[in-house]
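Chain A is fixed; fit chains B, C, D, E and F with the ligands onto it per the hints.
6 protein chains.
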Amino acid sequence: DFLHALEEVHPSFGVSDAELQLCVQNGIIPFSDNIDRILSDGSLYVEQVKNSKHTPLVSVLLHGASGCGKTALAATIAMNSNYPFIKLISPESMVGYSEMSKMNEITKIFNDSYKSPLSVIVIDSLERLLDWVPIGPRFSNTILQTLLVLLKKQPPKGHKLLLISTTSQKNILQEMDMLDAFDAEIYVPSIKSLSSIDIVLKEIELFSDSERSYAMKSISKEIQSNYISIGVKKLLMIAEMARQDDDKVSKFVSTLLMEPSMMAKNKY
Amino acid sequence: DFLHALEEVHPSFGVSDAELQLCVQNGIIPFSDNIDRILSDGSLYVEQVKNSKHTPLVSVLLHGASGCGKTALAATIAMNSNYPFIKLISPESMVGYSEMSKMNEITKIFNDSYKSPLSVIVIDSLERLLDWVPIGPRFSNTILQTLLVLLKKQPPKGHKLLLISTTSQKNILQEMDMLDAFDAEIYVPSIKSLSSIDIVLKEIELFSDSERSYAMKSISKEIQSNYISIGVKKLLMIAEMARQDDDKVSKFVSTLLMEPSMMAKNKY
Amino acid sequence: DFLHALEEVHPSFGVSDAELQLCVQNGIIPFSDNIDRILSDGSLYVEQVKNSKHTPLVSVLLHGASGCGKTALAATIAMNSNYPFIKLISPESMVGYSEMSKMNEITKIFNDSYKSPLSVIVIDSLERLLDWVPIGPRFSNTILQTLLVLLKKQPPKGHKLLLISTTSQKNILQEMDMLDAFDAEIYVPSIKSLSSIDIVLKEIELFSDSERSYAMKSISKEIQSNYISIGVKKLLMIAEMARQDDDKVSKFVSTLLMEPSMMAKNKY
Amino acid sequence: DFLHALEEVHPSFGVSDAELQLCVQNGIIPFSDNIDRILSDGSLYVEQVKNSKHTPLVSVLLHGASGCGKTALAATIAMNSNYPFIKLISPESMVGYSEMSKMNEITKIFNDSYKSPLSVIVIDSLERLLDWVPIGPRFSNTILQTLLVLLKKQPPKGHKLLLISTTSQKNILQEMDMLDAFDAEIYVPSIKSLSSIDIVLKEIELFSDSERSYAMKSISKEIQSNYISIGVKKLLMIAEMARQDDDKVSKFVSTLLMEPSMMAKNKY
Amino acid sequence: DFLHALEEVHPSFGVSDAELQLCVQNGIIPFSDNIDRILSDGSLYVEQVKNSKHTPLVSVLLHGASGCGKTALAATIAMNSNYPFIKLISPESMVGYSEMSKMNEITKIFNDSYKSPLSVIVIDSLERLLDWVPIGPRFSNTILQTLLVLLKKQPPKGHKLLLISTTSQKNILQEMDMLDAFDAEIYVPSIKSLSSIDIVLKEIELFSDSERSYAMKSISKEIQSNYISIGVKKLLMIAEMARQDDDKVSKFVSTLLMEPSMMAKNKY
Amino acid sequence: DFLHALEEVHPSFGVSDAELQLCVQNGIIPFSDNIDRILSDGSLYVEQVKNSKHTPLVSVLLHGASGCGKTALAATIAMNSNYPFIKLISPESMVGYSEMSKMNEITKIFNDSYKSPLSVIVIDSLERLLDWVPIGPRFSNTILQTLLVLLKKQPPKGHKLLLISTTSQKNILQEMDMLDAFDAEIYVPSIKSLSSIDIVLKEIELFSDSERSYAMKSISKEIQSNYISIGVKKLLMIAEMARQDDDKVSKFVSTLLMEPSMMAKNKY
Ligand SMILES: Nc1ncnc2c1ncn2[C@@H]1O[C@H](COP(=O)(O)OP(=O)(O)OP(=O)(O)O)[C@@H](O)[C@H]1O
Ligand SMILES: Nc1ncnc2c1ncn2[C@@H]1O[C@H](COP(=O)(O)OP(=O)(O)OP(=O)(O)O)[C@@H](O)[C@H]1O
Ligand SMILES: Nc1ncnc2c1ncn2[C@@H]1O[C@H](COP(=O)(O)OP(=O)(O)OP(=O)(O)O)[C@@H](O)[C@H]1O
Ligand SMILES: Nc1ncnc2c1ncn2[C@@H]1O[C@H](COP(=O)(O)OP(=O)(O)OP(=O)(O)O)[C@@H](O)[C@H]1O
Ligand SMILES: Nc1ncnc2c1ncn2[C@@H]1O[C@H](COP(=O)(O)OP(=O)(O)OP(=O)(O)O)[C@@H](O)[C@H]1O
Ligand SMILES: Nc1ncnc2c1ncn2[C@@H]1O[C@H](COP(=O)(O)OP(=O)(O)OP(=O)(O)O)[C@@H](O)[C@H]1O
Ligand SMILES: [Mg+2]
Ligand SMILES: [Mg+2]
Ligand SMILES: [Mg+2]
Ligand SMILES: [Mg+2]
Ligand SMILES: [Mg+2]
Ligand SMILES: [Mg+2]
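Chains as they are written, first to last, in the working numbering: chain A, 717 to 984; chain B, 717 to 984; chain C, 717 to 984; chain D, 717 to 984; chain E, 717 to 984; chain F, 717 to 984.
Note that these hints are calculated values from the structure, not bench results. Please note that a few of the clues may not be correct.
No distinction is drawn between identical chains; accordingly, a pair holds when it is met within one copy or between any pair of copies.
To be verified - Okay, derived cross-link-like pairs now, DSS-like style, lysine-lysine, Cα gap no bigger than 27 Å in a straight line:
hint	residue 1	residue 2
1	K766	K981
2	K831	K967
3	K868	K908
4	K949	K769
5	K886	K831
6	K869	K981
7	K818	K868
8	K769	K818
9	K918	K873
10	K933	K964
11	K869	K818
12	K950	K967
13	K868	K886
14	K769	K967
15	K949	K766
16	K981	K831
17	K886	K967
18	K831	K873
19	K769	K886
20	K949	K886
21	K918	K981
22	K964	K769
23	K949	K964
24	K869	K824
25	K769	K950
26	K908	K964
27	K886	K950
28	K886	K873
29	K766	K964
30	K950	K933
So here's chain A without its partners, still in its complex pose (with noise of 0.2 Å):
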C-alpha cells in the first residue's frame, strides 16, 4: 500500500493539520535512502529545540529542485514532531492578499507562536511568498525584510520555536543575503536512478508487474546515459495522464522520455 508513509504520520493537535494533510496528498514513497536522510535529520532540529538551553530558535532550510517533494518532506517533519503548536505559512492560504495583509498574517503565526512554549513553523515556497520574478528581478522586499528578521527573532524566554522553510530557489536566497539567516540547510535531490522510478511504479500499481517490468525496459532501452533526473511530482503525474490511455505502457514511457531531464536518445 504506498500509503504506508502517510500512515506513519502522528497527526498533532495544533490548527494547521488539514492543510499539513494535504501537502502529503500521495504519502511519501521512500524511493531511496535520501528519504530517511532527510526525515531523521528533521528530527534531530525537532529534538535540539526541545532540549537544548541554549538554542531555542533553530531554523532550517529544505531546498531542491521542482517537484522534487520539499512540500510533503517538510510538512511530514513538522507534523511528526508532536509539538503543541504546528502551523504552515504557504502562498496558497494567501491568494489575493496585499503585500500588508500578508506581512500581517506572516506576523500574526508568529507572534501566535511566542505563546506556545513549543512551536513548529512551515514557511512553504519561500520564492513564491516574495513574488519573486527573475524579470527585473522583482519581489516584496517587505516581506523579505519581516521573514529576515523573524528568522532571527528569539522567542520570549522559556518559549521554544523550529523554522522549516522550503524553496527551490536556493541561489536567489543567498542573492537576497537569506541564506546566513537559517541555522541549517537540508538538500532534497529529485529521482535519479531508474529503480527508484522502478519503486514509485510498484506504489501506485499503474502497471501489472509484467507492464512495469516491459516499461523499465524500454526506458533503459532509450536513455542516453545513467544521469537522469525528475521530481517525484511530475513521475506522478506522467503515470495519472498515461492511467487513462489504451496504451498505458507506451503512453507513459513516451511521455516521460519526452522530459529533457531524462536524457533520451530521440529528442521528441
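Coordinates of chains B, C, D, E and F with the ligands only, in the frame set by chain A:
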C-alpha cells in the same frame, strides 16, 4: 458548410457559454491533422481530471504564433468537456479594471470553481492578462504571482479542476518562471502548406472552384520556397477584405503575398 | 479653390463632427496620387466592415512622419463613411485627465460604439495618447494595455466597428508589440517633389503665378538633390509666415530652405 | 539711461503685467545687433497670429545659455504685442505646487486664453517647469505630456494664440521629442565681444569713463583669445558685487576674469 | 561557570533592560584578548560623553562578520554605562512596522533621550533597520536619511548622548556615505584560533575534559591551515546540535568541519 | 580664551538665533588666514544685498570637506549681518518630516523672508536636505526643484534676500545642474598645516605648553609628508577623546595619526 466544426461543439450548462462561443466565431476548419491531434489531446486531459484519484488539478498551456487559433481551440476543448462548471478568464472581459479588481475577479472565478465537483477554466491570452509590454519590460507582478499560485493550488478534497491557458509569448512565460507551473503544453502551429490554405478557401466560399484553383496556382508561382506560415485568423481577414473588391482573386493573391511570412519572390 | 477636398466630405450625424472638421482645417489638397490611393483604401475598409459577415471588427493604422497629414486623412475617411456613429479619441480632448480618467473616457467611447450597429472610431496620435517619451522610455502601460485589448475585442453579435488610428512613431508601436493588434496599415508619405509643393502653393494663393514660378525656380536651384521631404503642415506654416513679410517670395524660399529635410546646398 | 529699452515696452491690459515687468528688471540693453533681430522676429510671429487665416496657433522657442536674457526678451515680445490676453506661466509662480496642481494651473491659463480672440502665453524655463534633473534623468512626464498636447491644440474656431517658450536646455527638449511640437525657434546668444561688455558697463554707470576704459583695457590684456562668452545676467551680478568694493575696477576685472568662459590667461 | 561575564553586567534603571539582557543570552565568554579591548574601548566613550564639555554627542560603530558577537558586546557596553537612559533600537522590536512607523519610533526614542541629561542608545543591525537587500540594491532611504541626521544632531544644551551601532555590512554603509556620520569605529573579530574554540567548549560544558581534548585534536588534524574563522554564535549552535546526538564528539567535529570558513582538508 | 570668535558674533533679533548659536558650539578658532578671508567675503555679499539697486537677490554656496567648519562659518556670517530676518533651514530641524512637509516648511521660510525688507537665510547641508544617497543615486527631486526655483525667485519689489548654503558634496550639486543657480561660491579648506593644529590645541587648553610642544613634535616625526588634512570638527573630537585618557598625549597623537588623511608613516 464551413461551420460544421462549430456544430460539433456541445454547449455545457456553465455560465461562460456565450463568451466562449464568440471565441469560435468562424468555426474550427480542419485544415490539417494537427487540429484533430490538439482536440484529442485536450480530451485526454479532460478525462484525466475526471477520473484520476491522484491528480485533482491539471494545468495545460496552448501556445503558438499570433492568430494561429489558440483561443478558438481552447474554447472548443472546454465546451466539449461537458463539465458542470466552464468559465473564461480573458482580458476582454476586464477592460478598464484596476490591477486589484482584475486579481479579485480572477480569484473569484477560481473560488467559484472550487465549489463545483468538476470544473474547467480557460485563461486566455496570459501575456495580455499580465499587462505585458516588452519595453522595460513591464507587467503586473500582482497578477503574475496570483496566477502562479492559483495554477498550483489544490482544489479542496474531492473537487477537481482543469486549467487551459493560451499564450503567443511562451518565451516570456519562461523568463517569468511560469512554464514550470504548468503540467503540460500543447503547441498550436500556424498554417504551413498551400493545401491548408486551399481547404480554408473552400470552406469560406470566397471563390468559385475555378477562381480558387487559379488563385492557388498564382500564389504557388510567386512564393520563394515551400516554407510558408500564416495564421488562420489573418487568412480569414485577408479573404474578407478581398471579398469587397471588384477583382477578388487578384486582391486576395496580392494582399496575401504582401505578408512577410509568405516569402514572396518580389517583396511589395 | 483649395477647400474643394473638404467640401467633398459629407458630415455624418455622429457626435464628433465639429472636432473632426477641425482636423481638416486647411482641406485636403490633392498634391500627389498617394492622397487618392489612401482615401480609396480607406473606403475599402469602410465597405468591408459594413458588408463582411466574418469580420465585424477591422483596425487600420495610418502612419507617417510628423505633419504629413495623417490626422486630416483619418478624419476625412471617417467622415466619408456615413456611418451612424463616428467618434474621435484624441489627446487634445483629454488634456489634464489622469491616467484613469483617460482610460475611462476611451472605454466609454468604445462601449458607446458597441450600441450602434455600425461605428467608426478615429484614435488620433497613439504615441501622445500613451504619454510616450523616449527618455526612459516612459509611457502609460495602463492606456497601452487598454488599447491593445480594445483593438481586438469583438463588438457584440450583429454589431460592427472600424478603428482608424494614426501615429508618427510606428517603430515605437512595434517595440510595444502593438502592430500585431492592427489588421492593416496605410503609409502616409510626406511631400517628396517640387511639383507637389507647386500644387500646394497654387491652392493656397500665396503668390501671383509669376511669383510662384520664380519661387519654385529659386528653390530648384538651391537644393542638392531631387530627394526632398516636407510635411504639408510645415509647408502651410512657412507659407503663412512668409505672407506677413514685405518680401513674401524671398522669405518663403529662404525659410523653406532652412528646413534640414530640404537638403539645401548652403546650410543656413 | 539704461532703462530706455524697458520704457519702450507698452504694457497691455492683460493680467500678468507686473510679473512680466519683473522679468525685465534691468531693462533690455542693446549690446549687439542680435537683440534687435530677436525682437523683430518676435514681432513677425505676433503679426502672423493676428493676420493669417490658416495658422491660428503659432509656437516659438527662445533658447540660449543660462543667463543670456531669454526670459527678459520673451517677456518684452509678449508685452510689445498689445494683445488683449498676455499671460506668464513660470516655475516661480508655482513653487510648492504638486504635479497635479501645476498641470491644472497650466491648463487653466490655456483655457482662459481660448476665450480671448487674441492671446499670447509666455512659458518660461521649460526644463524647470518639467522638474528636469540630469541624474536619472528625472522629470514630470505629466507636465511634459500636457505641454506637448497644448503646444499643438488648436484654439476654438476664430480664436488665435501665440506661444513663446524659453529654455536653456534645448538638447534635452530634443531628447524628449518636444522640439517637433514648436513651429519655430529663435536662438539668443550670450555676450561674445568686449565692445558688448563696454556697452553694458556704460549703461549701468558703474564706472566713470576713464575707469571703464581702464577696466576694458585690463580685461583685453588678460584674455587668451577673442572668444569670450558671458551672460548679461552674470555680467550685471559681477558689476553690482564690484560696486560694493573700495577698489571697484580691480574687483570687477578680477571677478570677471575668474569666470571660466572668459578664457583668462592665468586661471585663478 | 560560563555565565560569569554576564554577571559582571550591572543592569541600569533604563527601560530597555530586559531586551538588552536577551541580546547576551549566552553571556560574554572571554575567548580572546580582543573581547577585553572592545569592552574597555567602549568604556572610554562612555566616559567621554559623561565628562567632555565640547563633545556632548559621540557615535560609535561596532562592525564585524555575521554572528561574531556584535550585538552582545554593544548591549554589554550600554548596560555597563550605568547611564540613567539606556535604550535599544532593533529591527526585532519593529517587525511589521511601516517605513513611517519605524521612522517615528526611532525619532521618538531619540527625542526621549534628549530629555535625559545622559543617554545611551544601541542601534542594532543597521543593514536590517534599513531594509537593505543587495538585489537592486534596495533599502529605505527614509530610514537612512533619518539616521544620518540623528547621528549628527546635537542634543539640547547641557544634554549628552552616546550612540552605539552595529552592522555586519560596513562596506554597504560606506557606499551610503554613512561611515562619515560616525565619530569612531570598533572592529569585532570572529574566533580565529583553536585555543579560542577550546575556551568556548570548556565554558559551555558540552564535553568531558577527555572528550574535549580528543575533539580538539581531531579538528586540528583535519584543517588545512592555521587560518580559521567562525562566529561565536555559530559555534554555540553547532555545539547544541551535537549535544542531541548519541555520538556528541564526532557529530560536533564533523559538523564544524563542514563550515567552509574552517578550511577542512576534505570538503564534505 | 578660545571662545573669543564667538563673542564677536552679534546676535540679531531674528528668530533662529538659538539654533544658529548651536552651530558655532566651539567658537571660530582663527587657525589660518582663510578663516578671515571667508568671513570678510561673506560681509561683502551682506553689503551688496543691502545696497545694490539691481541685485535684490544674491545666493552664495559654502563648500568644503566633511567637518571643515562650513556650518559654523555660514551661521557666523548670517549672525554678523544684523539683518532683521535671519533664518536657518537645516535637516536637523526637519527630522521625521515627509517630503511634502519639508517642502512646505522651506517654502514658508522663504515666504516669511519676502515680508522683511532685508533677509538672510542659511540653507545648511544641501545634500542632506535633498535626502541624497549615492546608491541609485536617490534624492528628493521635489526638494531639489523647489530649491532650484527659490534660489532664483526674485523677492517682491523693494525687498532683498541673501541666501547662504553649505554642502560637502559640491560635485553632486553640479551633476544636478544646481551650481548654475548660485551667484557665487566660497571654498572652506580643512586644516592643512601643523601650525594650525597647534593653534587649535592651544585654544582648547587640552595640554600644558610642554605637553603640546611634545605632542606636535611627535606628530611631525611620524607623518610622511607635509600634506596633511583634517577637519576642525574631527580634531576637536579626537582631542576630547584623548582628554579622558590617563596618558592624554600619546592617546591624542596615536588617534590623530590613525586618521588616513594624516599620512602617517606607519599605518595603524
Ligand atoms: N518520497 C517522497 N518525498 C516527497 N514527496 C513524495 C514522496 N513520495 C511521494 N510523494 C508525493 O509527491 C508529491 C510531492 O510534491 P511536493 O508538493 O511536496 O513537491 P515540491 O518539491 O514541494 O514541489 P514544488 O517545487 O512545486 O513546490 C506529493 O504529492 C507527495 O505526496
Ligand atoms: N482550425 C482552426 N483552429 C482555430 N481557429 C480556427 C480554425 N478554423 C477556423 N478558425 C477560426 O479562426 C479564428 C482563430 O482566431 P483565434 O482568436 O482563436 O486566434 P488566436 O491564436 O487566439 O489569436 P491571438 O494570437 O490574436 O490571440 C477564429 O475565428 C476561429 O473561429
Ligand atoms: N493632402 C493633404 N493631406 C493631409 N492634410 C492636408 C492635405 N492637404 C492639406 N492638408 C492640411 O494639412 C494639415 C495636415 O495636418 P495634420 O494635423 O493632419 O498632420 P499630421 O500628420 O496629423 O501631423 P502630426 O504629426 O503633428 O499629428 C491640415 O491642416 C490639413 O487640412
Ligand atoms: N539685451 C538684453 N537682453 C536680455 N536681458 C537684458 C538685456 N539687457 C539687460 N538685460 C537684463 O538682464 C537680465 C537677463 O536675465 P534673464 O532672466 O532674462 O536671463 P535668462 O536667460 O532668462 O536667465 P536663465 O537662464 O537663468 O533663465 C534681466 O535682468 C534683463 O533686464
Ligand atoms: N565573547 C563573546 N562576545 C560576544 N558574544 C558572545 C561572547 N561569548 C558568548 N557570546 C554569546 O554569543 C552570542 C553572540 O551573538 P550576537 O547576536 O551578539 O552576534 P551578532 O554578531 O550580533 O550576530 P548577527 O551578525 O547575526 O547580528 C550571544 O548569544 C552571546 O551571549
Ligand atoms: N575656524 C573655525 N571654522 C569653523 N568651525 C570652527 C572653527 N574653529 C572652531 N570651530 C568649531 O568647529 C566645529 C565645526 O563644525 P561644523 O558643523 O561647522 O562643520 P561642518 O563643515 O559644517 O561639518 P559637516 O560637514 O559635518 O556639516 C564647530 O563646533 C565650530 O564651533
Ligand atoms: Mg512545494
Ligand atoms: Mg487568442
Ligand atoms: Mg496628427
Ligand atoms: Mg530665464
Ligand atoms: Mg546582531
Ligand atoms: Mg555642517
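*When no copy is specified for K949 and K886, does a C-alpha distance of 27 Å or less occur within a copy, between copies, both, or neither?*
both (19 Å within a copy, 23 Å between copies)
*Is it within a copy, between copies, both, or neither that the alpha carbon of K769 lies no farther than 27 Å from that of K950?*
between (42 Å within a copy, 15 Å between copies)
_Identical-chain pair category, K908 with K964, by Cα at 27 Å_ = within (23 Å within a copy, 32 Å between copies)
*Under a CA distance limit of 27 Å, which applies to K964 and K769: within one copy, between copies, both, or neither?*
between (56 Å within a copy, 16 Å between copies)
*Is it within, between, both or neither when you check K769 against K818 at 27 Å Cα-Cα?*
For K769 and K818, the Cα distance exceeds 27 Å both inside one copy (32 Å) and across copies (32 Å).
_Within, between, both or neither: K949, K769 at alpha-carbon 27 Å_ = Between. Shortest inter-copy distance 14 Å satisfies the 27 Å Cα cut-off; intra-copy 39 Å does not.
_I want to check one pair: K831 and K967. Are their C-alpha atoms no more than 27 Å apart within a copy, between two copies, both, or neither?_
neither (53 Å within a copy, 32 Å between copies)
*State whether the alpha carbon distance between K766 and K981 is at most 27 Å within one copy, between copies, both, or neither.*
Classified as neither; 51 Å inside a copy, 34 Å across copies.
*K886 and K967: within-copy, between-copy, both or neither at 27 Å Cα*: between (34 Å within a copy, 25 Å between copies)
*Can you give me the call for K868 and K886, within, between, both or neither, at a CA distance of at most 27 Å?*
Cα proximity of K868 and K886: in one copy and across copies (18 Å, 20 Å).
*Within a copy, between copies, both or neither: where do K818 and K868 come within 27 Å Cα-Cα?*
Both: 19 Å inside a chain and 19 Å across chains, each within 27 Å.
*Since the copies are identical, ignore which copy is meant and state whether K868 and K908 lie within 27 Å (CA to CA) inside a copy, between copies, both or neither.*
between (35 Å within a copy, 24 Å between copies)
The structure does not agree with the numbered hints 1, 2, 5, 6, 8, 16, 19, 28 stated previously, though it agrees with the rest.
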